[in-house]
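When you get a sec, could you build the whole thing from the sequences and use the hints?
Letter by letter, the sequence shown follows residues 1 to 358 in the working numbering.
It is possible that some hints are incorrect.
DSS-like cross-link-like pairs, simulated, lysine-lysine; straight-line CA separation at most 27 Å [said to hold, decoys possible]:
hint, residue 1, residue 2
1, Lys186, Lys266
2, Lys325, Lys186
3, Lys325, Lys296
4, Lys186, Lys296
5, Lys266, Lys56
6, Lys266, Lys343
7, Lys343, Lys296
8, Lys186, Lys343
Since the hints were made in silico from the structure, they are not lab data. Note that the structure is predicted; figures quoted are calculated from it, not measured.
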Amino acid sequence: MFLVASSESNQALNFLERLESIFEQATQESEEVIERFYRIGGHSVRLQFAGQFLVKGITPALEHLRSEPTATPDVTIGIWDGESTATELPPLFWEQAGYRPDGGIHGSSDIRVQLHMEPTLSLLSVLDVSANRGYFRIPAALALPLYQSGSPLLRILHWWMAHQGVNLVHGGAVGTPEGGVLLIGKGGMGKSTAALCCLNSELSYGSDDYSLVGINPTPHFYSLYNSGKVNSTDVGKHAFMSTAQRDGLLDNQKALYFLYSHFPHKIIRDFPLRALVVPHVTGQPDSHVRPTTSGKALLALAPSTIFQLPGAEIETMSRLSGLAKMLPAYVLESGTDLSQIPKVLTELVMELNRQARI
Numbered sequence: 001m002f003l004v005a006s007s008e009s010n011q012a013l014n015f016l017e018r019l020e021s022i023f024e025q026a027t028q029e030s031e032e033v034i035e036r037f038y039r040i041g042g043h044s045v046r047l048q049f050a051g052q053f054l055v056k057g058i059t060p061a062l063e064h065l066r067s068e069p070t071a072t073p074d075v076t077i078g079i080w081d082g083e084s085t086a087t088e089l090p091p092l093f094w095e096q097a098g099y100r101p102d103g104g105i106h107g108s109s110d111i112r113v114q115l116h117m118e119p120t121l122s123l124l125s126v127l128d129v130s131a132n133r134g135y136f137r138i139p140a141a142l143a144l145p146l147y148q149s150g151s152p153l154l155r156i157l158h159w160w161m162a163h164q165g166v167n168l169v170h171g172g173a174v175g176t177p178e179g180g181v182l183l184i185g186k187g188g189m190g191k192s193t194a195a196l197c198c199l200n201s202e203l204s205y206g207s208d209d210y211s212l213v214g215i216n217p218t219p220h221f222y223s224l225y226n227s228g229k230v231n232s233t234d235v236g237k238h239a240f241m242s243t244a245q246r247d248g249l250l251d252n253q254k255a256l257y258f259l260y261s262h263f264p265h266k267i268i269r270d271f272p273l274r275a276l277v278v279p280h281v282t283g284q285p286d287s288h289v290r291p292t293t294s295g296k297a298l299l300a301l302a303p304s305t306i307f308q309l310p311g312a313e314i315e316t317m318s319r320l321s322g323l324a325k326m327l328p329a330y331v332l333e334s335g336t337d338l339s340q341i342p343k344v345l346t347e348l349v350m351e352l353n354r355q356a357r358i
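Printed below as a string of C-alpha cells:
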C-alpha cells in the first residue's frame, strides 16, 4: 500500500462520502434491499444488494460459505448497478491522474480508503478500511462479466482480509479436515486440473484459483469461492463431471462450474495447511511428487499472487515469504493419466497428516 498526498487523500474521502450517499439513494430507488451473510476467512461478511438484479451474478460462488444473519457483521459490502437504481457515480477525481496498468487508480490508496476501477467496464470497488465498509458498483447488471461471477468482489475481499491478517493468494487447495496442501504456480501449470481431479478422490476440494491463507499462529487455509474452471477442450477428460451442468464459458475459453451446486459433499471450507505443492505438467503418463526448496515455492507463489492481486506488495511479499518458510514444499510432476494425480496427492496429504499427529 502506498500513502497519498493529503490533497489526494481528501479527494478520496470526499468521493467516499458521496458514494455512501449514492448507495443509500440506490437502496431507496430499488424495490427491496436483499441481504446475504457469509462466514469467510473466519469473519462474518454481509452483502447488501440494492435490488435483486446482481444477486444471482454474485452469490453462487460464495454459497458454500452462507451463514445465519448477524446484527454485527465484521464487514458489510454494498452492491448495486446504476441502471436499475437510476443512480450515477460522483465525479471521478482520479481521471486526470489516470489508471495504473492493473486498473488501480493513482493516488487511490491511503490508510483509510482503497479504490479500484476497471476502465473498460467501469466496475468500481471501494473499501473504507476504518468503517469496515465496502462498495461494488457496475453500470448495468447485465454487463457483469462471467469472470466476476466466478470470483466476485475479489478486490474488496483481498483488501479487507489483508487488514485482518489473512492473505488472498493465487493458488488452489485440496485436503481433509485434518489438513491439506496449497497448489501454487502461475496460470497454465495445472493447478485447476489437479484440484478438480481430487473431486473424484478421498480429498475434498477447497479451491482451484484463489485461496485465503492465515499464518498466525500456524498456516491455515480458508475457502473463498466454490467455482472451478476447466479448459473447454479438457472437460471430457474429467468423466466424473459429465453430470455437472456448465455454468458458463469464460473469455479465455474455460468452462465455469459452481461446484457446490453439483458436489456439495466434496467442498471443504477450511483446514490446516501442511505443505505447498507446485504442479508441473510433464507430458509423461505417470505422476509423482518430489521435495523442492522453500525458495522455489516462494518463486511459484509470490509473483503470480502479486500480479493477480496488486496492492500492499511489500507486506504481501513478507507474509508469503513467511508462509514458504513455515511449510515443506513439493513439486507435483503431473502426468497425462489424470487418475494418478489425486492418488499421488492423497498419499502425500495422508502422510503429512500422519506426521503432524506424531
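Hints versus structure:
1. Lys186 with Lys266: Distance of about 25 Å is within 27 Å: holds.
2. Lys325 with Lys186: Roughly 20 Å between the alpha carbons, so the hint for Lys325 and Lys186 holds.
3. Lys325 with Lys296: 11 Å, holds
4. Lys186 with Lys296: 13 Å, holds
5. Lys266 with Lys56: Distance of about 22 Å is within 27 Å: holds.
6. Lys266 with Lys343: This hinted pair holds, its Cα atoms lying about 16 Å apart.
7. Lys343 with Lys296: Holds: Lys343 and Lys296 sit about 24 Å apart, inside 27 Å.
8. Lys186 with Lys343: Holds, at roughly 23 Å.
Checked against the numbered hints listed earlier, the structure breaks none of them; every hint is satisfied.
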